[in-house]
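These protein sequence lines map, in sequence, to chains A and B.
The opening residue of the first sequence carries number 1 in our numbering; numbering runs sequentially from there.
The opening residue of the second sequence carries number 346 in our numbering; numbering runs sequentially from there.
Source of the hints: derived by calculation from the structure; they are not laboratory data.
Hints should not be assumed to be uniformly reliable.
Cut-off 25 Å, straight-line C-alpha distance, at most; resulting in silico cross-link-like pairs (DMTMM-like, lysine to aspartate or glutamate) [stated by the list, open to error]:
1. 307(A) / 109(A)
2. 306(A) / 284(A)
3. 232(A) / 176(A)
4. 219(A) / 609(B)
5. 279(A) / 515(B)
6. 47(A) / 11(A)
7. 371(B) / 332(A)
8. 43(A) / 103(A)
9. 72(A) / 255(A)
10. 204(A) / 191(A)
11. 262(A) / 515(B)
12. 76(A) / 603(B)
13. 189(A) / 176(A)
14. 78(A) / 368(B)
15. 606(B) / 220(A)
16. 530(B) / 512(B)
17. 306(A) / 609(B)
18. 530(B) / 515(B)
19. 134(A) / 255(A)
20. 374(B) / 284(A)
21. 288(A) / 603(B)
22. 307(A) / 603(B)
23. 485(B) / 512(B)
24. 47(A) / 255(A)
25. 359(B) / 284(A)
26. 374(B) / 79(A)
These stretches of chain A come out as covered by chain B in the derived footprint (C-beta under 8 Å, 3 or more residues) [to be verified]:
27. 10-18
28. 44-52
29. 70-81
30. 100-114
31. 243-250
32. 253-265
33. 304-316
Built from N, CA and C at the ideal position, the CB exists for glycine as well.
If you want the building blocks of each chain, they are given just below.
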Amino acid sequence: MDVTVEYNDIDRFILALQSRYNVIAPVSKDGRFIFDLIDHPSKVSPKYDSTLLPPVKWIYPNDEALLEFDLKDAAKIKEITESNKQALLFVHPCDVNAINIMDEILAEEPSDVNYLKRRWSTVIIGYECLGPCKENILCFDKSYHIAYSGFDLFFTDIGERYYVQVASSTGKEIIEMIGGLKKAGFSDKTELFRVRDERKMRFKKSIHGNMDMLSHMLKEAYNDEIWNIEEKKCLSCGACNIVCPTCYCFDVVDEICPDMEKGTRYRRWDGCQLHGFCKVATGENFRKTAAERVRHRVFKKEVYLKKRFGRSGCVGCGRCIDHCIANISLIEIFNKVFDRVREGV
Amino acid sequence: MPATVVGVRQVTDKEKLFTISLDNGKNIKHRPCQFVIVSISGVGEAPISISSPPTDSGKVIELCVRSVGNLTGAMHRLSVNDKIGIRGPFGNGFPIEKIEGRDILIVAGGLGLAPLRSLIKYVNNKRKRYRRFILLIGAKRPADILFKEEVTKWDEDPGIETHITVDAAEPPWNKNVGVITGLFKYIDIDPLKTVAAIVGPPVMYRFVIRELLAKGIFEGNIFLDLERRMRCGLGKCGHCQINGIYLCQNGPVLSYLEAKKLQEAL
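Chain B with its partners taken away, still in its complex shape (with noise of 0.2 Å):
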């Protein structure tokens, strides 16, 4: 589908959000955690995690990306009015009806946070639907952590409870500094009541997993969003393979009580 760049803006030194809409004037209906694939004639395909939740103003997606790559390095050159195209969305998403009446908490490391921060928007849109709402922020430096206006909003709010840390840190930062799973102790969970989502880089996962469940929460109750290169989104191409199971289709959002049986999953 032809798509328009309506927006770009640089989030920190390393990712832009670039605000995007349909040519068709049509709303890419989607869940929390869907991705949609960025395509860019002469350079290639990508897919993207969508980064702001359905219930904003549907007519526009936001997709924040960090230059690694072709594609991404070609998007990081795109200005307003540029056209590209999007196919998707793909993946199962979020599943968020399920999880009405729950406490959530929300684990978010490093670029982590651009596929969650639409399950967060989603969330406090539709507050009153859920219980409590726990946040839990992870980056490398403060120069790091996305969307940081919002961020500062959600510390702020009274009604989230936000925990930040980053791996180091210089004054005047005067939040925790260490990893993400040091801000385990500040939190008081209630682990019959309480959803987890969890989002970060590879190696944050199994860390992260062990200290849910020490705090008793049950296994399908751990949400896991598990990237991996993918090129069709169809469940065809085979690169997004974990063992049995296309993350493009039966993923990107798995619950640890499913994930645990892909042994290469984690």
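One chain only, chain A, in its complex shape (with noise of 0.2 Å):
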């Protein structure tokens, strides 16, 4: 049963979240957002446009410990899977796409047991979008903006209230454990109903094409100019990579401490933009040019995850467009390809 918080009762909210929960939320640093472990309800801000990193990096974190070694005894290797129950508060719907993305890809066998293990402590509470965050987002064009499942709470601002549709029995126990607000009545629904019709005016297309087509038209453009034009200015720094929601590739490495006694093996982020990623001890480099590795990204995200899952692999939040040092952009990219086939190249 889905129930109403009003605003001035949501510091209750989250309070009450917090005596079980570790309580991720987007909070306000130096002008941005970005997802943080929060202290006190004051600093969570519900209106916010787009985090510099999204939330799922909370469930697949940088440099996570995989398992411990002692140099002096090779036999001593101890396997971590860390895990603490957290929430992540207030997640756009694109996120929340991200994450279902993620479930997918690395629940798939054999699967990512450390991922698994995080991914099921963690509650998703979704916060509804119902106008474009910013500019530079293509996650209208494909129907991203609404998340439909892969959240446990999700709130949206309906005046003065926020309608919390419960979407899971974990979702319910919250609300249970929370207690005293009220249930959904007829005039929340129909101003839940009335505030996501106005959704779809206010969100504008930045694709000049069919997005079902898309990874079509990506594949007739494999060996087309325009990677060597993104190549000109891809410095190949991965930011790309860091930010987006759906990267998950990484790389293996050893730390020792100090002592020289004991270490920890750690899974890092790489990223498929970085020149070294394809190359291998003898000196081939398997993705030489930047104009490869672009490719190589866009198709990864359109054409090779979208053929494997079904849908596109990129939730169009437009974070690398944002954090793009050379004004690299998805959706010139996208354009473009469209724009090819219209002018019959």
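Dock the two chains into a complex; use the hints.
Printed below as a string of structure tokens:
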């Protein structure tokens, strides 16, 4: 049964949540927003545009310890799978969808135990976008601006109060734990439908083409000039990989403690845009040019993942566009891919 | 899985052959051309092809390693009784059952013999299940030929048609000199019955495939063992991805029919 939470009741909601979970919520930092562990409800900013790093990075953290070893005794190895009970609060639909995609990828056999363990101990509380959060987004084009599943609770601002959709048994438990919340009545539901209905008037399409055809268009453009043009801009810094909510490539590194006795093996984020990503020990580099690497990033999201899971691996959050110092834009690339066909190249 | 080095042998001046046994006493059940991920605490992990065939007394595996990177360098410093970690085996391996009753043509360039040795020895142990057995081996110099005693033995075996070439050599070398594709003029194959397996340096593949196609071998009967950088072996870390597939899961053995659809494969 769905409930409503009054604006001035939200602090009580978060405090109660904190009693059981580490609450990770959008907080303001240096004029931007990040998902961070909060100590007090007043830190939370429900109205944020987009965070620097996506919330999924709390489930898939950088430098995740995989095992501890002892240099003196090679047989002494301890595997580590950490998990904290955490709640991701006010996650936008694009990021909820991104977590769904990550779940699909990493739960596929052979599954990623470290990820799944964290995922199982994570509660996801979504927050509806009733309009575009910023420029350079393509979530609307991809229908990823709405989340249909993959959350426990989902907040929608319906004026003076939030409509809270209860979507899982964990979500129900949380609502019962908090207690004293009003059941959503007929007028709340009507209001919910109204604001959701108005939503589609506020979003604008960024891509001039049929997104269902995108992967076919891209395959046609595999050897096109587009990639060489992007190569001239790309600095191979890997920022797009780091901020992407569905990038999951990693490296495995060993770090030794200063005592030279113990050490830890970490999983560290890696990026397919970095020059050495496909370089092997004998010196061959299987994706030598930035053009090949940019193409690989786009194809991985739009062609390869789409083929495997039936939907695009890019949720259109636009972080890679915002953070590219060379102004490489997926929107521009996709539009060029469509224009190319329109011009009959 | 914790494992122990039970033997180290210098194969050439650059490569060593390690014999590894699992500490739990279990058998690593592998197929030819599969690989394991070797782990040394404090150094890291790297994928290494298994050089021994599954038909040998299964308790140990052999890994032929050239010292080129961090982990392989550390491996070269290992001695008998040292402990390492082994994960795997990973990959699909060679379709040994499907090709029974066929002529087998093996093309091994340089270090390509390391993974192919497992297939060669397997076919040799089950010789009756296969028809002709042709072996083409190429190396830079005579001193670089891996497993020299075994190669000599194969060369002398009347059941195996062996041709060996090196890029450059001085006397007393009395075999061929030149690239591996030069050996194709010596062999006469039945294209409808032949299955080819190719492993070698990346540059070698397209030239060898061209020769094989010219001989009329069906694209689906040309098998390539493609090696890439690998980290996890689980189809997640992304390093071994060529176009849509992860080599550690869907490879490393692909037929040319499959590989030619992947623009990044060759």
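Sort out whether residue 603(B) lies within 25 Å of residue 288(A), counting only the CA atoms. holds, 23 Å
Decide if the proposed pair is consistent with the structure: residue 530(B) and residue 512(B), CA atoms, cutoff 25 Å inclusive. holds, 17 Å
Keeping to a limit of 25 Å between CA atoms, is the pair of residue 279(A) and residue 515(B) held or broken? Distance of about 34 Å is beyond 25 Å: violated.
Given the hint that residue 134(A) pairs with residue 255(A), test it: the Cα-Cα distance must not exceed 25 Å. Status violated; Cα separation ~40 Å.
Taking only the CA atoms, is the gap from residue 47(A) to residue 11(A) under or equal to 25 Å? OK: residue 47(A) and residue 11(A) at ~15 Å, within 25 Å.
Given the proposed pairing of residue 374(B) with residue 79(A), does the C-alpha separation stay at or below 25 Å? Holds, because 24 Å separates the two Cα atoms, which is no more than 25 Å.
Between residue 219(A) and residue 609(B), does the CA-CA distance stay at or below 25 Å? Holds, at roughly 13 Å.
Can you take a look at whether the stretch 44-52 of chain A is actually covered by chain B? Rule is 3+ residues, C-beta closer than 8 Å. violated (count 0)
State whether the coverage of the stretch 243-250 of chain A by chain B holds or is violated, taking the criterion as 3 or more residues with Cβ-Cβ distances under 8 Å. Three-residue rule met by the stretch 243-250 of chain A, so holds; n is 3.
Can the stretch 70-81 of chain A be counted as covered by chain B under the rule of three residues or more with Cβ-Cβ separation shorter than 8 Å? holds (count 5)
For residue 78(A) and residue 368(B), compute the direct alpha-carbon distance and say whether it is at most 25 Å. Between residue 78(A) and residue 368(B) the Cα gap is close to 16 Å, so the pair holds against 25 Å.
What's the verdict on residue 359(B) and residue 284(A), does the C-alpha distance respect the 25 Å limit or exceed it? holds, 18 Å
In terms of the numbered hints stated before, the structure departs from hints 2, 3, 5, 7, 8, 11, 12, 19, 20, 24, 27, 28, listed from lowest to highest.
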